[in-house]
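For reference, the chains in residue letters:
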Amino acid sequence: MSYSRRAISKIHALIAVVIIVAIAVPIIFFIYPHLMPSPTPQIQYKKTLVIAIPEEPEGLDIQQVSWANEIHDLIYQPLVVFDENMNMVCDLAVSWEVTDNGKSIIFHLPQDAQFSSGNPITAQVIKDSIERYRQISPYAEDFAVVSSIEIIDDYTVKLVCEEPPAYLWAVLITVYGAPVDVVSARSMGNEQFNVEAIGSGPYKLKEWVHGSHIVLVRNDKYKTNLPFVENKGPNPYIDEVIIRFIPEDLTRISELEAGNVDIVRGVPVDAVSRLMQNPDIKLYYTLQPGIDYIMVNVRKPPLDDVRVRKAIALAVDRDSLVQVLENTSIPWYCFISPSMMCYNETIEEIAKNTYSTNIDEAKSLLASAGWTDTDGDGYVDKDGAPLELTLLVPVDRPQLKRVGPLIQDQLKQIGIKVNVREFEYSYVRQKTREWDFDLALRAWSWADPDILIYLVHGTIANYTYANPTVDQLLEEGRTVMDPVERTKVYSRIQSILLEDLPMIPLFVNKEYTAVRKNVVGLIVLPPYGSIVINDVKIIIGES
Amino acid sequence: MAGMLKYAVKKIFLGIPAILGVSIILFSIMHMIPGDPIVLIVGERVDPSRIEELREAWGLNKPIYIQYFYWLSHFIQGDFGTSIIHRQPVSDLIFSRLPFTIELTLTSLIIAYIIGIPIGVVAALKRGSWIDYLAMGFAIFFYSMPGFWLGLMLMLLFGLYLKWLPLSGYSGPESLILPALTLALPSIAMIARLIRSEMLEVLTEDYVRTAWAKGLPSRTVIFRHAFKNALIPVIVMFFLQLPWLIGGAVVIETVFAWPGMGRLLYKSIVRQDYPVVQAIILIIAILTVISNILGDIVSAILDPRIRLEEAG
Amino acid sequence: MYKSKIGIMDNVLLNARRIIEGLRMMFYYKMALIGFFIVCAVTIIAIAAPLIALRRYDETNVADRLKPPSSEYPFGTDDLGRCIFSRVIYGSRIALMVGLIVMLIEASIGVVLGLIAGYYGGIADKVISAITDIIWALPPLVLALGIVIIIGPGLLNVVAAIAIVSWPPFTRITRAKVQSLVNREFILAARAIGENNFNIIVRYILPNVLSPIIVLATLTIPSAILSTTALSFLGFGAQPPTPDWGAMLAEGRDKMIYAPWITTFPGIFIVITALGFNLLGDGLRDMLDPKLKI
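Residue numbers (the working numbering), protein chains in the order written: chain A, 1 to 543; chain B, 1001 to 1312; chain C, 2001 to 2294.
By construction, these hints were calculated from the structure, which means they are not laboratory data.
Backbone N, C-alpha and C define an ideal beta-carbon position, used for all residues, glycine too.
One or more of the hints may lead you astray.
Derived lysine-lysine pairs resembling BS3-like cross-links, with alpha carbons at most 27 angstroms apart [as the list claims (entries may be wrong)]: (1) B:Lys1163 to A:Lys282; (2) B:Lys1267 to A:Lys431; (3) C:Lys2126 to A:Lys510; (4) A:Lys47 to B:Lys1163; (5) A:Lys488 to A:Lys517; (6) A:Lys401 to B:Lys1267; (7) A:Lys412 to A:Lys401; (8) A:Lys158 to A:Lys206; (9) B:Lys1214 to B:Lys1228; (10) A:Lys47 to A:Lys382; (11) A:Lys352 to A:Lys282; (12) A:Lys206 to A:Lys300; (13) B:Lys1126 to A:Lys517; (14) A:Lys363 to A:Lys412; (15) C:Lys2126 to B:Lys1011; (16) B:Lys1126 to C:Lys2067; (17) A:Lys47 to A:Lys517; (18) B:Lys1006 to A:Lys46; (19) B:Lys1163 to A:Lys537; (20) A:Lys431 to B:Lys1062; (21) C:Lys2126 to A:Lys401; (22) A:Lys158 to A:Lys46; (23) B:Lys1006 to C:Lys2126; (24) B:Lys1267 to A:Lys206; (25) A:Lys300 to A:Lys46; (26) C:Lys2126 to B:Lys1010; (27) A:Lys282 to A:Lys300; (28) C:Lys2126 to A:Lys412; (29) A:Lys158 to A:Lys47; (30) A:Lys206 to A:Lys232.
Far from chain B by the CB rule (all over 10 angstroms, computed), these chain C residues [what the hints assert, rightly or not]: (31) Ala2063; (32) Pro2139; (33) Leu2143; (34) Glu2195; (35) Arg2253; (36) Ile2272; (37) Asn2278; (38) Asp2282; (39) Arg2285.
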């Protein structure tokens, strides 16, 4: 019996092998053709640009989405933008002027401008477009200051405001302020327009494969007044732009290194030093227009005591945080970063001198607030209760996620016990809105300091912090048109915030764009790192 | 055959309450999550009054049961609603991705069967030998590995270093190989295990012993008698695993940027896009019920005893 | 084989004999033996973690970050300069805890429901089977994710979420096994002598359904560990600085190319531990209940 069984198994082991081979061989033959490099014709330029981004956009209609990305940058064209030195220059508009004591902005449009659909861009279109934004965008309030939009002639439009709209420029220079083809939007309906949006940017939608990629093709009707690009019309060297959605960081970077992708956005911290050493790759960066910071619940004891807040600010070693972030960030001590408007170097100097790491001072501040380690467990206590705080950490902000445990360990050194709780960023924000937190790691990206009104204003923001002087200054800051005067206002606000510390600044990130060396002519614009590909060529052969 | 039809119809009717139950549980869970999608998606510079307006526009301030019945009545009519985040019809979002997920899942199951069955058979025939240990050990090894780690290593090896296969995304059938393999490798152990224990069981049954005793050629005994009967539960397992794998594809789809439903589902849960989550989970639940029914029917066809049992 | 009246001690003895027999047989099942040794080793590491570890698992040291394995740091350091060796050693506690708690919760829910459904039948059976079917029709990982989002992240919440969504196999197997027992002579006899239902379930039925439950319980531990890993990958795992293997693996994955030690060691420990429990579970199945389909 056992003998015959063994004989059987031998035969059938053989059969099993045959089955495996029978399956493997076709698979190998199937793959083999793909392994052979297809003969590349000796052309000089690759005409398709492939960009990898982490997440698929919510939609394409800039007036319906809650965040903009590279696709919107290519489909839409703002009236004006910032150049590399943060000076305002024309894009779609021919020129602009500010009148009525700063209360009105007049835009002059080119006479032949068209959307990619062929519909003309007139003053009426600009007006309709802004009105549509005010109806449907989650950020409708962006244009709240505009009281009426006057059409002076077909190619001249005037935004009349109740007060000088200093902060409106911050919207106008982004794609959020770009005109959309309202006529097409009306006939398509908003849902459809969100899938097939039409703007006047250099590229237009060809195909959207959900979950995978978007294909854009050159918009032959495109024209720009950007002074810093050579090519003021359609780029003849790039026919198509493919934007791929690759959520996993390691996968996205590997695709770039393998040469399947030309440009990667959202370069993970860990990849930066590695990519810098790669001779095939070059890196561009822009400084985050904003800061990463610890938001503090100033109404909850013991954090209502400013000495405790100052102790925390002094205990955080920002240089270590930045080191852990592979030096892809800059330690930061004040509230306005260099790529924001109204940045004041002096304030940063003062803040740095005040809040550079000083463990002894932090400890004595805590002691003066009544917190000392009486039971010798390493944590300070008061009335028998240890100083224990919860730190909310957003998992989807890589920099903040990484430094969470380090801040925890640093605060341990001055005897504060910190419990880290990780959530998606949106939950962290929600918890802070509900005042249900001690400390929370947060960040913003917005070039205008008016963003502070949504964070520290007593009634508009309605976070835990409220200071009437700050509220008044924030409201004043909205209306001051002169940059120097405006900077003074925000400097005062910063000085007060540095005393009150409702937020503890940590660092400013460098936001990297990784590009293969053979992609030439790329421009990455501050403050948001928008990419301008008007002059891009991708060199592949030497015919 | 009429009996079979009646049997199938009965099974389908039994599945409907389960699907309804799934949708109610899910709707409750989604609404138990604190907050709502409007607050979650908008950026920093938004006015609180605008949030209220949007919430009202989406009907999110109505009582849950009204929202549920509103949603259900539309779902039954084939209207899946509009995604709160994407502001596009949910059906467009899902049906463009569903084929990719099904393609990935089916392929990986087929790979798992092609590798798993021979391993299980050989292991059973060589029970206790080093081949048995090696085969089962190999299968269980992959079964014990975190899916995303396996996926990333395969991707780095075959995609980045050897450059044999595309790293990620969908650029033709060859890009299916790595994600399907990653999904398949852990399933191999399950299939090999199952067929091995089935074979061992069948090989000790009287009719197989009799066949052997009669001196039938071993090939005949193993394939006509043992293997064929051992295969029945394994085939049934095929249908049972299908929906389960679709759910498990979330991680693999993220690693390989595969344009399936997994990533959409994950993002929609995190951002509380109720209409999308509801629709996807219900589709998975419906697929599960259908697969269960198919599994039952297949086993009923292959093994008439089951039908009699159910009837009695 | 079954006496008409079996006292609880007899059952215990019977099971004890079976286990001794099982241990003896294990030597014939080399795979199960390997699994058994692995499980023992991991348990010892977990118990003796403070003795084995070189440092605190949450001690950061930015100056020594991303150091490859050396005599000072046997497994190297991670991006915050934490000793991976110490973290991995302490991590064995987390992994075993996760596995055991999930297993206990699942087994308690599943077995109780299975006993009720199988023993009483009728409406109870219909309702329980329906609930089981509903839970089973939902993809477990997705459902667990939803629950974690509701109750907040954290290791215990993750454990609870995994357990809540994956107990149905216990119910199904227990129910089927009980159904095959309820009409057997020894149960009928117990009823005839006036034993109440609770006693019958606990003293007569439970001991006889234990073997598949033990097998399933053993196999549940590795799958719980792997599920936590998947949740960590999606960003909803243990909270830092908990040295959870899955979280270490998920957090270190971006550095797989140039600092592979960060992921390699926790990865190896996950695989070995899961492998150990899987081999043990498979071996137990072969020994206790070879026809069990899990």
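Here's how the hints hold up against the structure:
1. Straight-line distance between C-alpha atoms of Lys1163 (chain B) and Lys282 (chain A) comes to about 22 angstroms, which keeps the hinted pair within the 27 angstroms bound.
2. A hinted pair counts as satisfied when its Cα atoms are at most 27 angstroms apart, and Lys1267 (chain B) with Lys431 (chain A) qualifies at roughly 19 angstroms.
3. Using a Cα cut-off of 27 angstroms, the hinted pair Lys2126 (chain C) and Lys510 (chain A) is violated, with the two alpha carbons roughly 60 angstroms apart.
4. Between the alpha carbons of Lys47 (chain A) and Lys1163 (chain B) the distance comes to roughly 23 angstroms, so the proposed pair stays at or under 27 angstroms and holds.
5. Our distance criterion of 27 angstroms between C-alpha atoms is broken by Lys488 (chain A) and Lys517 (chain A), whose separation comes to about 43 angstroms.
6. At roughly 18 angstroms between alpha-carbon atoms, Lys401 (chain A) and Lys1267 (chain B) fall within 27 angstroms of each other, so this suggested pair holds.
7. About 18 angstroms separates the Cα atoms of Lys412 (chain A) and Lys401 (chain A), which keeps this hinted pair within 27 angstroms; it holds.
8. For the proposed pair Lys158 (chain A) and Lys206 (chain A), the alpha carbon gap of about 34 angstroms is over 27 angstroms, so the pair is violated.
9. Proposed proximity of Lys1214 (chain B) and Lys1228 (chain B) is supported: the alpha carbons are some 19 angstroms apart, at most 27 angstroms.
10. With a C-alpha separation of about 68 angstroms, the suggested pair Lys47 (chain A) and Lys382 (chain A) falls outside the 27 angstroms cut-off, and the hint is violated.
11. Annotation: proposed proximity of Lys352 (chain A) to Lys282 (chain A) is violated, straight-line Cα distance about 32 angstroms (limit 27 angstroms).
12. With a C-alpha separation of about 53 angstroms, the suggested pairing of Lys206 (chain A) with Lys300 (chain A) is violated against the 27 angstroms cut-off.
13. This hinted pair does not check out: Lys1126 (chain B) and Lys517 (chain A) have alpha carbons roughly 57 angstroms apart, beyond 27 angstroms.
14. Of the supplied pair hints, the one linking Lys363 (chain A) and Lys412 (chain A) holds, its CA atoms being roughly 11 angstroms apart against a limit of 27 angstroms.
15. Between the alpha carbons of Lys2126 (chain C) and Lys1011 (chain B) the distance comes to roughly 14 angstroms, so the proposed pair stays at or under 27 angstroms and holds.
16. A C-alpha spacing of about 47 angstroms is found between Lys1126 (chain B) and Lys2067 (chain C), which places the hinted pair above 27 angstroms, so the restraint is violated.
17. For the proposed pair Lys47 (chain A) and Lys517 (chain A), the alpha carbon gap of about 15 angstroms is at most 27 angstroms, so the pair holds.
18. For the hint linking Lys1006 (chain B) to Lys46 (chain A), the alpha-carbon distance of about 62 angstroms lies beyond 27 angstroms, and the restraint is violated.
19. Only pairs whose Cα atoms come within 27 angstroms are accepted, and Lys1163 (chain B) paired with Lys537 (chain A) is accepted, the gap being roughly 26 angstroms.
20. With a CA separation close to 22 angstroms, the supplied pair Lys431 (chain A) and Lys1062 (chain B) stays within the 27 angstroms bound.
21. Note on Lys2126 (chain C) and Lys401 (chain A): the hinted pairing is violated, with a Cα-Cα distance of about 47 angstroms set against a maximum of 27 angstroms.
22. For the given pair, Lys158 (chain A) sits about 43 angstroms from Lys46 (chain A) by alpha-carbon distance, which is inconsistent with the 27 angstroms threshold.
23. Restraint check for Lys1006 (chain B) and Lys2126 (chain C): the C-alpha separation of about 21 angstroms stays at or below 27 angstroms, so the hint holds.
24. About 25 angstroms separates the Cα atoms of Lys1267 (chain B) and Lys206 (chain A), which keeps this hinted pair within 27 angstroms; it holds.
25. Only pairs whose Cα atoms come within 27 angstroms are accepted, and Lys300 (chain A) paired with Lys46 (chain A) is rejected, the gap being roughly 59 angstroms.
26. Proximity of Lys2126 (chain C) to Lys1010 (chain B) is assessed by CA-CA distance (about 15 angstroms); at most 27 angstroms being required, the pair is judged to hold.
27. With a C-alpha separation of about 47 angstroms, the suggested pairing of Lys282 (chain A) with Lys300 (chain A) is violated against the 27 angstroms cut-off.
28. Proximity of Lys2126 (chain C) to Lys412 (chain A) is assessed by CA-CA distance (about 55 angstroms); at most 27 angstroms being required, the pair is judged violated.
29. A distance of roughly 40 angstroms separates the Cα atoms of Lys158 (chain A) and Lys47 (chain A); the hinted pair therefore is violated under the 27 angstroms criterion.
30. At most 27 angstroms may separate the alpha-carbon atoms for a hinted pair to count; Lys206 (chain A) and Lys232 (chain A) meet this at roughly 22 angstroms.
31. Once the 10 angstroms rule is applied to beta carbons, Ala2063 (chain C) is consistent with being away from chain B; the minimum gap is 29 angstroms.
32. A beta-carbon of chain B comes within 10 angstroms of the beta-carbon of Pro2139 (chain C); the shortest separation is about 2 angstroms.
33. Look at Leu2143 (chain C): its CB is around 8 angstroms from the nearest CB on chain B, not clear of 10 angstroms, so calling it non-interface is violated.
34. Interface exclusion of Glu2195 (chain C) from chain B stands, the closest Cβ pair being 29 angstroms apart, more than 10 angstroms.
35. For Arg2253 (chain C), the requirement that its beta carbon stay farther than 10 angstroms from each beta carbon of chain B is not met, with the minimum near 6 angstroms.
36. The Cβ of Ile2272 (chain C) does not lie farther than 10 angstroms from every Cβ of chain B; its closest approach is about 8 angstroms, which violates its non-interface assignment.
37. Consistency note on Asn2278 (chain C): stated as away from chain B, yet its beta-carbon is not over 10 angstroms from all of that chain's, at 5 angstroms minimum.
38. The beta carbon of Asp2282 (chain C) is not kept farther than 10 angstroms from every beta carbon of chain B, the shortest such distance being approximately 7 angstroms.
39. Non-interface status of Arg2285 (chain C) relative to chain B is broken: a Cβ of that chain comes within 10 angstroms, the nearest being about 8 angstroms off.
In the structure shown, a violation is registered for the earlier hints numbered 3, 5, 8, 10, 11, 12, 13, 16, 18, 21, 22, 25, 27, 28, 29, 32, 33, 35, 36, 37, 38 and 39, in ascending order.
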